[in-house]
Amino acid sequence: MEDDEIVKKIMHVMRKAPHGTIYTYEGLEMILIMAAYDQDISVAFIDDGVYALKKDQDTEGLEIKGFSKTFKALDGYDVENLYVDQVSLEERGLIEDDLLVDVEVLSSAEIGKIMTEQDVVVHH
Amino acid sequence: MLHTINKSPFGNNSFETSTRFFQPGDPVLFIEDGVYAVQANNKFSGTLAKVQKNNPVYVLGPDLNARGIGNIAEGVTSIDYEGFVELVEEHQVNSWL
Amino acid sequence: MDIGILVKEGPYNHQASDTAYKFAKAAMKKGHRIDAVFFYNDGVNNASKDMDPPQDDRHIGNRWVELCQKDKIPMMVCIAAAKRRGIVDDVLIDCGEITGLGNFTDIAIRNDRLMIFGD
Numbered sequence: 001m002e003d004d005e006i007v008k009k010i011m012h013v014m015r016k017a018p019h020g021t022i023y024t025y026e027g028l029e030m031i032l033i034m035a036a037y038d039q040d041i042s043v044a045f046i047d048d049g050v051y052a053l054k055k056d057q058d059t060e061g062l063e064i065k066g067f068s069k070t071f072k073a074l075d076g077y078d079v080e081n082l083y084v085d086q087v088s089l090e091e092r093g094l095i096e097d098d099l100l101v102d103v104e105v106l107s108s109a110e111i112g113k114i115m116t117e118q119d120v121v122v123h124h
Numbered sequence: 001m002l003h004t005i006n007k008s009p010f011g012n013n014s015f016e017t018s019t020r021f022f023q024p025g026d027p028v029l030f031i032e033d034g035v036y037a038v039q040a041n042n043k044f045s046g047t048l049a050k051v052q053k054n055n056p057v058y059v060l061g062p063d064l065n066a067r068g069i070g071n072i073a074e075g076v077t078s079i080d081y082e083g084f085v086e087l088v089e090e091h092q093v094n095s096w097l
Numbered sequence: 001m002d003i004g005i006l007v008k009e010g011p012y013n014h015q016a017s018d019t020a021y022k023f024a025k026a027a028m029k030k031g032h033r034i035d036a037v038f039f040y041n042d043g044v045n046n047a048s049k050d051m052d053p054p055q056d057d058r059h060i061g062n063r064w065v066e067l068c069q070k071d072k073i074p075m076m077v078c079i080a081a082a083k084r085r086g087i088v089d090d091v092l093i094d095c096g097e098i099t100g101l102g103n104f105t106d107i108a109i110r111n112d113r114l115m116i117f118g119d
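Residue numbers (this note's numbering), protein chains in the order written: chain A, 1 to 124; chain B, 1 to 97; chain C, 1 to 119.
With the rest of the complex left out, here is chain A:
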């Protein structure tokens, strides 16, 4: 029980596009498990990681399991801090409205500051 009292700040960083590799999907699986542990969990979407949140993903033709909607469920697991890097979004011609879940769009410097406050940062 004593371990339950430690609350660590853990940030997951999504930096790769979904589907082309498994990193985003297995990253999401890790986040869902960690979410059950009452830690202070956040997720940052940087570079191609922002594509994980793109609306209208349909993987049926690939027979790959679609998981984009699972990001919507994170809120229900108390993973409420989803940060999107503004530059990464703009570089890709995307706007916040293209994303399937409510996020905080922040500057890289702002996300960088939050990163330095973390006990653990896991890039996927």
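Derived from the structure by calculation, the hints contain no laboratory data.
Hints should not be assumed to be uniformly reliable.
[Claimed, not checked] Chain A regions said to be covered by chain B (calculated; three or more residues, Cβ under 8 Å):
#1 105-111
#2 114-120
[What the hints assert, rightly or not] Per label pair, the in silico range of CB-to-CB distance:
#3 C:Asp106 / A:Gly76: 20 to 30 Å
#4 C:Val91 / B:Pro24: 43 to 53 Å
#5 C:Arg33 / A:Asp56: 17 to 27 Å
#6 C:Ala80 / B:Gly75: 19 to 29 Å
#7 B:Pro24 / A:Glu80: 21 to 31 Å
[Stated by the list, open to error] In silico PhoX-like links for lysine-lysine, alpha-carbon gap of 25 Å or less:
#8 B:Lys53 / A:Lys113
#9 A:Lys113 / A:Lys9
#10 C:Lys25 / C:Lys72
#11 A:Lys55 / A:Lys72
#12 C:Lys83 / A:Lys65
#13 A:Lys54 / A:Lys69
#14 A:Lys69 / C:Lys83
#15 B:Lys50 / A:Lys113
Where a beta carbon is used, it is the ideal one built from N, C-alpha and C, also for glycine.
Could you slot chains B and C onto chain A? The hints should help.
Chains B and C alone, transformed into the frame defined by chain A:
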């Protein structure tokens, strides 16, 4: 916070992206294919010089040697695995995979 | 200091396993404790006992066995990632253990540092 970068800057944007997130004073360590970033007079020398204004820069020597890179940018400190551990003793770690 | 290690790439294919091993050895030499090595993503292939590299190359599987047997470091393999890739008990290196991401979460929480090696 210690930032480690393990990708060649020529094939991956890890280095260029990560620089936007560094806080002043954060040490930066290049390992594995990341070490190509610190070879003197390459396309990324300007980016590296800018980073060095605010951040101490280290490179993992055994990875440099493995790749035949001897001529590294001024001000970059080459360390061994023991030096890597020492940086980790001092800082939390952010590995830009 | 207590250190957890996460390896996210397979042996030989990527340098991650080598860097993780070298780091672990250097950390122990400086008096730190490696709490556990956890294999995730293609990293689960590190736990295959059927590795048989040419004799003049390092044996990555044996390195993990050495860390486990000599230094008593648990070698943990994520069950979800392992099942996908056909890594089951029968093919596991000596003292490898298949376990869940909950154990990884504990590693992330209880250690002073989590070192991550991958692509």
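Evaluated hints:
1. Counting residues of the segment 105-111 of chain A whose C-beta lies closer than 8 Å to any C-beta of chain B gives 3; at least three are required, and the coverage claim holds.
2. Against chain B, the segment 114-120 of chain A contributes 5 residues with a C-beta closer than 8 Å to a partner C-beta. That satisfies the three-residue criterion, and the hint holds.
3. As the Cβ distance of aspartate 106 of chain C to glycine 76 of chain A is approximately 23 Å, the hint placing it in 20 to 30 Å holds.
4. Checked against the hint of 43 to 53 Å, the C-beta distance between valine 91 of chain C and proline 24 of chain B comes to roughly 48 Å, which is consistent with it.
5. Roughly 48 Å separates the CB atoms of arginine 33 of chain C and aspartate 56 of chain A, a value that falls outside the hinted 17 to 27 Å.
6. Distance hint check for alanine 80 of chain C and glycine 75 of chain B: the Cβ-Cβ separation is about 44 Å, which falls outside the suggested range of 19 to 29 Å.
7. Roughly 29 Å separates the CB atoms of proline 24 of chain B and glutamate 80 of chain A, a value that falls within the hinted 21 to 31 Å.
8. Annotation: proposed proximity of lysine 53 of chain B to lysine 113 of chain A holds, straight-line Cα distance about 18 Å (limit 25 Å).
9. Proximity of lysine 113 of chain A to lysine 9 of chain A is assessed by CA-CA distance (about 13 Å); at most 25 Å being required, the pair is judged to hold.
10. For a cut-off of 25 Å, the pair hint linking lysine 25 of chain C to lysine 72 of chain C stands: about 13 Å separates their Cα positions.
11. Between lysine 55 of chain A and lysine 72 of chain A, the direct Cα distance comes to roughly 11 Å. Compliance with the 25 Å bound is thereby established for this hinted pair.
12. For a cut-off of 25 Å, the pair hint linking lysine 83 of chain C to lysine 65 of chain A stands: about 16 Å separates their Cα positions.
13. For the given pair, lysine 54 of chain A sits about 10 Å from lysine 69 of chain A by alpha-carbon distance, which is consistent with the 25 Å threshold.
14. For the suggested pair lysine 69 of chain A and lysine 83 of chain C, the alpha carbons sit about 24 Å apart, so the restraint of at most 25 Å is met.
15. For a cut-off of 25 Å, the pair hint linking lysine 50 of chain B to lysine 113 of chain A stands: about 19 Å separates their Cα positions.
When held up to the earlier numbered hints, the structure conflicts with 5, 6 and fits the remainder.
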